Amino acid sequence: MRHSLLIVEDDAATAAFLADNLAADGFKVATAGGAGEGLRAMEVRHPSLVLLDLALEDGNGLDLLDRVRGADGMASRLDPDVPVIVLTGRGSEADRVRGFARGADDYLVKPFHYGELLGRVRAVIRRAEGRPQRGVVRVGELTLDPVTRAVRLAGRPVHLSVKEFALLHALAEEPTRVRSKNELLRDVWGYLSVGQTRTVDAHACRLRKKLSGSARPWVVNVRGVGYRLTEAL
Amino acid sequence: MSTALACVGWAVSALLAVTVLRLRHRLELAGQACHELRGPATAISLAAAALRREPGGLRRALPFEAQLDRLRAGLDDLEVAQAGRRARCRPADIPVERLLRATAAGWRQSARAQGRRLRMRSALGGAVVRADRGRLAQALGNLLANAVEHGSGTVELRGHRRGDLVVLEVRDGGLRDAPRQAARWRQPGRGRGRGLGIAAAAVEEAGGTLTLEQREGGTVAAVELPVAQR
Chain Z
1 MRHSLLIVED
11 DAATAAFLAD
21 NLAADGFKVA
31 TAGGAGEGLR
41 AMEVRHPSLV
51 LLDLALEDGN
61 GLDLLDRVRG
71 ADGMASRLDP
81 DVPVIVLTGR
91 GSEADRVRGF
101 ARGADDYLVK
111 PFHYGELLGR
121 VRAVIRRAEG
131 RPQRGVVRVG
141 ELTLDPVTRA
151 VRLAGRPVHL
161 SVKEFALLHA
171 LAEEPTRVRS
181 KNELLRDVWG
191 YLSVGQTRTV
201 DAHACRLRKK
211 LSGSARPWVV
221 NVRGVGYRLT
231 EAL
Chain F
1 MSTALACVGW
11 AVSALLAVTV
21 LRLRHRLELA
31 GQACHELRGP
41 ATAISLAAAA
51 LRREPGGLRR
61 ALPFEAQLDR
71 LRAGLDDLEV
81 AQAGRRARCR
91 PADIPVERLL
101 RATAAGWRQS
111 ARAQGRRLRM
121 RSALGGAVVR
131 ADRGRLAQAL
141 GNLLANAVEH
151 GSGTVELRGH
161 RRGDLVVLEV
171 RDGGLRDAPR
181 QAARWRQPGR
191 GRGRGLGIAA
201 AAVEEAGGTL
211 TLEQREGGTV
221 AAVELPVAQR
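Line by line, the protein sequences give chains Z and F. The first sequence lines up with residues 1 to 233 when you count with our numbering. The second sequence lines up with residues 1 to 230 when you count with our numbering.
So here's chain Z without its partners, still in its complex pose (with noise of 0.2 Å):
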């Protein structure tokens, strides 16, 4: 299974290459320029892993780190159990004290050996890894409880088959985002090579009917590519 890594990080260079070279080594990687951003990314995607810069241009990452431990993981769409490595240009002890007293799991001053970080970035998902996953995805009016496995559509519960539930919820973690369909045959059914199937299309199928009922439409076929959620939000 592919780990997802958010990086919340303001410096578009920094961001692009961590990115690049997390990717290179079997991440899924996306980014956040700011800790409004890292925050809605946090309740959207629920990432294995968080890499927080602290000096954010609009707020500081330990704000963020509080908002995220404080959550109650149910209610909230936070996980704040999410494990979080503040990378960061402060150094000293009371600083390294100080993110460590707020919730981080592991803390790298910048600049540091790319090396290094992808050997605590394992190191901490290792250890995480088992936890139960918390936060409620919403999108809209459908929610979506990764813990009770539990969907419902404008209050109504919706019951899907393991497979559909996989599917929406690789869906939603990027509800606006085409997801090709050798994209979630690799991710949802773990596919390593695609020949010639009709499964997404047939769960996508039955997934839309039962989201059916609804002002908007779900699991929208965008034709030759793939499927996304929902249209924009």
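Worth flagging that the hints you see were computed from the coordinates, not collected in a lab. Here the structure is a predicted model, which is why all the values come from computation and not from measurement. Any given hint could turn out to be false.
To be verified - 20 Å max Cα-Cα, derived SDA-like pairs, lysine to any residue:
{"no.": "1", "chain 1": "Z", "residue 1": "LYS210", "chain 2": "Z", "residue 2": "ARG198"}
{"no.": "2", "chain 1": "Z", "residue 1": "LYS28", "chain 2": "Z", "residue 2": "ARG2"}
{"no.": "3", "chain 1": "Z", "residue 1": "LYS181", "chain 2": "Z", "residue 2": "SER161"}
{"no.": "4", "chain 1": "Z", "residue 1": "LYS28", "chain 2": "F", "residue 2": "ARG53"}
{"no.": "5", "chain 1": "Z", "residue 1": "LYS28", "chain 2": "F", "residue 2": "ALA50"}
{"no.": "6", "chain 1": "Z", "residue 1": "LYS210", "chain 2": "Z", "residue 2": "ARG156"}
{"no.": "7", "chain 1": "Z", "residue 1": "LYS28", "chain 2": "F", "residue 2": "ALA47"}
{"no.": "8", "chain 1": "Z", "residue 1": "LYS163", "chain 2": "Z", "residue 2": "LYS210"}
{"no.": "9", "chain 1": "Z", "residue 1": "LYS209", "chain 2": "Z", "residue 2": "ARG156"}
Given the structure of chain Z, go ahead and fit chain F onto it with the hints provided.
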């Protein structure tokens, strides 16, 4: 009389207050500059890591390695210099030959730009020393910089083992003012002697010695470091 004394007292206090405020402002500016430098340094370091993945990238990324290690050490020093200290030494096991190769690669282009050659000869094999990586890169970088910028002829970077020691040498065709520079090692902040002072302090921190010798046909700066016990 007492009024005059009081006035002098007030004036001295005001002067002190202004001095302290100016000093604090300078420290703040230094802190901000240090923080601003860390961002681009991180981006360059990550770009070098990305370059390493490309075909032939390992060789092309090598020159960045030792320079980035120096930069990291320099930034750590700059940050704690505001508190009047030097950054804490963080010893690790370092395969010396790789560091030597990275340092040579980092200076080859500078030597070429001055119409000089930089050669590296190593018989170190897998020898490992216990030292702060950034500090050691600083030491070698400063010695090479001196040889490239102030020396003459071909610059040679050599490494070999002698008993329980690793010996790293920077040789060139002659440093015009070697004795004068040697005398300045212990005087930080003295112009061209600064690099050698940094190198000497870094080598000492790793439990080694640095000697500078003017021989027939050139100058030899030799670093001796104990081999790490494993």
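Going down the list of hints, with the structure as the test:
{"no.": "1", "hint": "LYS210(Z) with ARG198(Z)", "verdict": "holds (19 Å)"}
{"no.": "2", "hint": "LYS28(Z) with ARG2(Z)", "verdict": "holds (6 Å)"}
{"no.": "3", "hint": "LYS181(Z) with SER161(Z)", "verdict": "holds (19 Å)"}
{"no.": "4", "hint": "LYS28(Z) with ARG53(F)", "verdict": "holds (18 Å)"}
{"no.": "5", "hint": "LYS28(Z) with ALA50(F)", "verdict": "holds (16 Å)"}
{"no.": "6", "hint": "LYS210(Z) with ARG156(Z)", "verdict": "holds (11 Å)"}
{"no.": "7", "hint": "LYS28(Z) with ALA47(F)", "verdict": "holds (19 Å)"}
{"no.": "8", "hint": "LYS163(Z) with LYS210(Z)", "verdict": "holds (14 Å)"}
{"no.": "9", "hint": "LYS209(Z) with ARG156(Z)", "verdict": "holds (14 Å)"}
When held up to the earlier numbered hints, the structure conflicts with none and fits them all.
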